[in-house]
Amino acid sequence: MPAWLVVFLFSWLWPAYSWALQTHKAPEGFIAHQLAHIFFFGAMLLFSYRLKRVGLTQRSHWNLIRWGALLLGIWNLWAFAGHMVEHLLPESVFLGGPGGAETHYCRKHLLIAGWPELAYFILKNDNLIAVPAFYLIYKGLKRLNRLLQEGL
Amino acid sequence: MNPAWPLWIICLVDVLGSIGMIVFSALAFKQALQASAAQPTNPRYSYLVWFCGTLMAFAWFRAGGHILKYILCYGGAYPLLAKTLPFHRWT
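So the protein lines, in turn, are chains A and B.
First residue of the first sequence? That's 1 in the numbering used here, and the numbers climb one at a time after it.
First residue of the second sequence? That's 1 in the numbering used here, and the numbers climb one at a time after it.
Calculated from the structure, these hints are not laboratory results.
Some clues are possibly wrong.
[Claimed, not checked] Here are the in silico distance ranges between beta carbons for each label pair: (1) Leu13(A) with Val13(B): 45 to 51 Å; (2) Pro40(B) with His33(A): 34 to 40 Å; (3) Ser60(A) with Ile71(B): 37 to 43 Å; (4) Leu147(A) with Trp8(B): 42 to 48 Å; (5) Ala37(B) with Ile38(A): 32 to 38 Å; (6) Gly114(A) with Pro43(B): 15 to 21 Å; (7) Trp14(A) with Arg44(B): 30 to 36 Å; (8) Leu72(B) with Gln58(A): 31 to 37 Å.
For glycine and all other residues, C-beta sits at the position ideal for the given N, C-alpha and C.
Assemble the whole structure, with the sequences as input and the hints as a guide.
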């Protein structure tokens, strides 16, 4: 039996774990995530600028899409700030209640000791910006299709 | 004495918002496909298909990941989950 076939069969019959996960707290995951937010913000800003520049925003459906893209850009800054603030908070401001440290995150309370805690609480609700952004894009496209159906 | 605010509000907004993102991104993608089908030679509408398709992929993976976080946590896989999240506070 050829060697390559032995290796092939062996790795198929006795596979080792190969998890595509980051299992440590090193900063590279955080930095990559934050960089992605910056790039996403830049892309949305450029997209909305181009829509305005070429005059498409004079049409209401494109204007909705532009505002959706702008909101997505704002959402990226919002989420970026949220992740930064998260790093400022000490573990002690997350109150576990009777279960102590083992209490699930959603059952804990946040001690509002200063502006970082207050900022964390507000910034973590970033879906309040992301969902309207997606809704505006959807609404703009729906209006575009209505115009296309009417042959305008 | 400083006030302590419940974190379930953040969790609720996260789950409901994630569902909203999944729904609206899919609806937007469907609308973009519809526009492109109406005028297949219009490159602007082809661009919108790619734009919305990318946004939908982003929204589904992000929102799916966030919802999965809650399912895994309440499903008893918390220790595994805690290891996979580099900077979320799930202690």
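Results of checking the hints against the structure:
At about 47 Å, the beta-carbon gap between leucine 13(A) and valine 13(B) stays in the expected band of 45 to 51 Å. Hint check: proline 40(B) to histidine 33(A), Cβ distance near 37 Å, so the stated range 34 to 40 Å holds. The hinted range of 37 to 43 Å is satisfied by serine 60(A) and isoleucine 71(B), whose Cβ atoms lie roughly 40 Å apart. As the Cβ distance of leucine 147(A) to tryptophan 8(B) is approximately 43 Å, the hint placing it in 42 to 48 Å holds.
In this structure the supplied range 32 to 38 Å holds for alanine 37(B) paired with isoleucine 38(A), their Cβ-Cβ distance being about 35 Å. A C-beta distance of roughly 52 Å is found between glycine 114(A) and proline 43(B), which places it outside the suggested range of 15 to 21 Å. The given range of 30 to 36 Å is broken by tryptophan 14(A) and arginine 44(B), whose C-beta atoms sit roughly 54 Å from each other. Evaluation of the 31 to 37 Å hint for leucine 72(B) and glutamine 58(A) yields a failure: the beta carbon distance comes to about 48 Å.
Taken one by one, the earlier hints fail for this structure at numbers 6, 7 and 8, listed in ascending order.
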